[in-house]
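Peer 1: Sequence:
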Amino acid sequence: MKINPITILNILITIFLIIAIMVIVLMIKNKMNIYYISAAAMVSFLLSFILYTINKGVTMSSHTEEINKYKAKLVYHQDFFTIATYTQNQIICWSEIEAIFFISSPPLDGEYHTMEYRIFLNKKPETVRKQPLKWYDKILPEPRQEKFPMVKIDDYYNVDFNTFYPSIEKFLLTEKISSAFLNGTFGNDVKYTQKQNEIIGIPYSKPLKTTGFYKLFDRGTYADNGSLKDYRKQATEI
1 MKINPITILN ILITIFLIIA IMVIVLMIKN KMNIYYISAA AMVSFLLSFI LYTINKGVTM
61 SSHTEEINKY KAKLVYHQDF FTIATYTQNQ IICWSEIEAI FFISSPPLDG EYHTMEYRIF
121 LNKKPETVRK QPLKWYDKIL PEPRQEKFPM VKIDDYYNVD FNTFYPSIEK FLLTEKISSA
181 FLNGTFGNDV KYTQKQNEII GIPYSKPLKT TGFYKLFDRG TYADNGSLKD YRKQATEI
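Heads up: the sequence shown begins at 1 in the working numbering, then just goes up one per residue.
No lab work stands behind these hints: they were computed from the structure. Do not rely on the hints blindly, as some may be mistaken.
[What the hints assert, rightly or not] Only pairs whose alpha carbons sit at most 25 Å apart, straight line, appear in this in silico PhoX-like list of lysine-lysine:
1) K233 - K176
2) K215 - K170
3) K71 - K152
4) K233 - K147
5) K229 - K124
6) K147 - K123
7) K170 - K124
8) K152 - K134
9) K73 - K123
10) K229 - K147
11) K229 - K152
12) K134 - K73
13) K152 - K215
14) K147 - K124
15) K152 - K123
16) K215 - K229
17) K73 - K124
18) K138 - K124
19) K215 - K147
20) K152 - K233
21) K215 - K73
22) K176 - K152
23) K130 - K71
24) K233 - K124
25) K69 - K130
26) K152 - K170
27) K73 - K152
28) K123 - K170
29) K138 - K123
[Unchecked claim] Computed beta-carbon distance windows for the label pairs:
30) Y156 - L9: 23 to 33 Å
31) S227 - R129: 18 to 28 Å
32) T85 - A180: 27 to 37 Å
33) A41 - Y156: 37 to 47 Å
34) G226 - L133: 19 to 29 Å
35) Y157 - L9: 31 to 41 Å
36) M42 - K130: 41 to 51 Å
37) K71 - E169: 21 to 31 Å
38) K73 - K134: 21 to 31 Å
Computed from a prediction, not measured in an experiment: that's the story for all the values here. Even for Gly, the Cβ is constructed at its ideal location relative to N, Cα and C.
Using the sequences provided together with the hints, build the complete structure.
Peer 2: Below, the structure is given as structure tokens:
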């Protein structure tokens, strides 16, 4: 039977806590120096705090809720959609979208997402701030804007990432396209074989396709330079 390590830790801390309390009682009965009693009391308090933190501390669900509070949510309407974050709302009209590209790849160091939409607009999106700018944001110059500004939606920061593709199908695309690009697979191809009573997987040396770069939508407005021009050259059209 497999024993939970947390259970073992609880038992050990409880034993040490009982010993510490018994030592305090003996010290008081023998009228020992107050400093020794205080030290033993501090040890007891520390053990109690650790025990409480392990069992009643911040749960994973509340931790996840706190993280999701700062993530972006997508809200759709007939003429526009909104990227709502903790600090601001970005309002993007469907008619202002110039092109949409989709990228899938294993996450880089410091990243958590594997899929991302990159949306080029023909004008800067309207931004409604929920909180005032910080003082340093007011004095720093704004980043240089390209002719076609880009907005990103990824599968980590945007909690309802999976709703974006059905929405562009409904509100933007005039022709239906295959959604196979959403089924990116990472890792090595695996050959399954039976060994005694078990089926085991042995990775091939040949890796599966780990990246994808697709163009989902494009109005075709001329771009003489910038990211949009480069994306059009590199992306696979679906």
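Peer 1: So, for every hint listed, does it hold in this structure?
Peer 2: Comparing the hints with the structure gives:
1. A C-alpha spacing of about 23 Å is found between K233 and K176, which places the hinted pair at or below 25 Å, so the restraint holds.
2. With a CA separation close to 17 Å, the supplied pair K215 and K170 stays within the 25 Å bound.
3. A threshold of 25 Å between alpha carbons decides the hint, and for K71 with K152 the separation of about 13 Å falls inside it, so the pair holds.
4. Straight-line distance between C-alpha atoms of K233 and K147 comes to about 17 Å, which keeps the hinted pair within the 25 Å bound.
5. Restraint check for K229 and K124: satisfied, since their Cα atoms lie roughly 18 Å apart, inside the 25 Å limit.
6. Annotation: proposed proximity of K147 to K123 holds, straight-line Cα distance about 8 Å (limit 25 Å).
7. Straight-line distance between C-alpha atoms of K170 and K124 comes to about 23 Å, which keeps the hinted pair within the 25 Å bound.
8. About 23 Å separates the Cα atoms of K152 and K134, which keeps this hinted pair within 25 Å; it holds.
9. Restraint check for K73 and K123: satisfied, since their Cα atoms lie roughly 22 Å apart, inside the 25 Å limit.
10. In summary, the hint linking K229 to K147 is supported, as the alpha carbons are separated by about 11 Å, within the 25 Å threshold.
11. For the hint linking K229 to K152, the alpha-carbon distance of about 17 Å falls within 25 Å, and the restraint holds.
12. Of the pairs offered as hints, the one joining K134 and K73 holds, with about 23 Å between alpha carbons and a cut-off of 25 Å not exceeded.
13. For a cut-off of 25 Å, the pair hint linking K152 to K215 stands: about 14 Å separates their Cα positions.
14. Between K147 and K124, the direct Cα distance comes to roughly 9 Å. Compliance with the 25 Å bound is thereby established for this hinted pair.
15. The hinted pair formed by K152 and K123 meets the criterion: a straight-line CA distance of about 15 Å does not exceed 25 Å.
16. For the given pair, K215 sits about 12 Å from K229 by alpha-carbon distance, which is consistent with the 25 Å threshold.
17. Between K73 and K124 the CA atoms are separated by roughly 19 Å; this keeps the pair inside 25 Å, and the hint holds.
18. For the hint pairing K138 with K124, the CA-to-CA distance comes to about 19 Å; that is within 25 Å, so the pair holds.
19. Using a Cα cut-off of 25 Å, the hinted pair K215 and K147 holds, with the two alpha carbons roughly 19 Å apart.
20. The hinted pair formed by K152 and K233 meets the criterion: a straight-line CA distance of about 19 Å does not exceed 25 Å.
21. Simply put, K215 and K73 have alpha-carbon atoms about 23 Å apart, close enough for the 25 Å limit, and the pair holds.
22. In summary, the hint linking K176 to K152 is supported, as the alpha carbons are separated by about 22 Å, within the 25 Å threshold.
23. Among the hinted pairs, K130 with K71 is consistent with the structure: their alpha-carbon atoms are about 14 Å apart, no more than 25 Å.
24. Between K233 and K124, the direct Cα distance comes to roughly 23 Å. Compliance with the 25 Å bound is thereby established for this hinted pair.
25. At roughly 14 Å between alpha-carbon atoms, K69 and K130 fall within 25 Å of each other, so this suggested pair holds.
26. Annotation: proposed proximity of K152 to K170 holds, straight-line Cα distance about 20 Å (limit 25 Å).
27. At roughly 13 Å between alpha-carbon atoms, K73 and K152 fall within 25 Å of each other, so this suggested pair holds.
28. A distance of roughly 22 Å separates the Cα atoms of K123 and K170; the hinted pair therefore holds under the 25 Å criterion.
29. For the given pair, K138 sits about 22 Å from K123 by alpha-carbon distance, which is consistent with the 25 Å threshold.
30. Between Y156 and L9 the beta carbons are some 31 Å apart, a value that agrees with the proposed interval 23 to 33 Å.
31. Take S227 and R129: their Cβ atoms lie about 26 Å apart, and the range 18 to 28 Å holds.
32. The hinted range of 27 to 37 Å is satisfied by T85 and A180, whose Cβ atoms lie roughly 30 Å apart.
33. For the pair A41 and Y156, the supplied restraint of 37 to 47 Å holds, since their beta-carbon distance comes to about 46 Å.
34. Restraint check, G226 to L133: a C-beta distance of roughly 27 Å satisfies the suggested window 19 to 29 Å.
35. Between Y157 and L9 the C-beta distance comes to about 34 Å, which sits within the given range of 31 to 41 Å.
36. Between M42 and K130 the Cβ separation comes to about 44 Å, which falls inside the hinted range of 41 to 51 Å.
37. The hint said 21 to 31 Å for the Cβ distance between K71 and E169, and at roughly 23 Å that hint holds.
38. Between K73 and K134 the Cβ separation comes to about 23 Å, which falls inside the hinted range of 21 to 31 Å.
Of the numbered hints stated above, none is contradicted by the structure.
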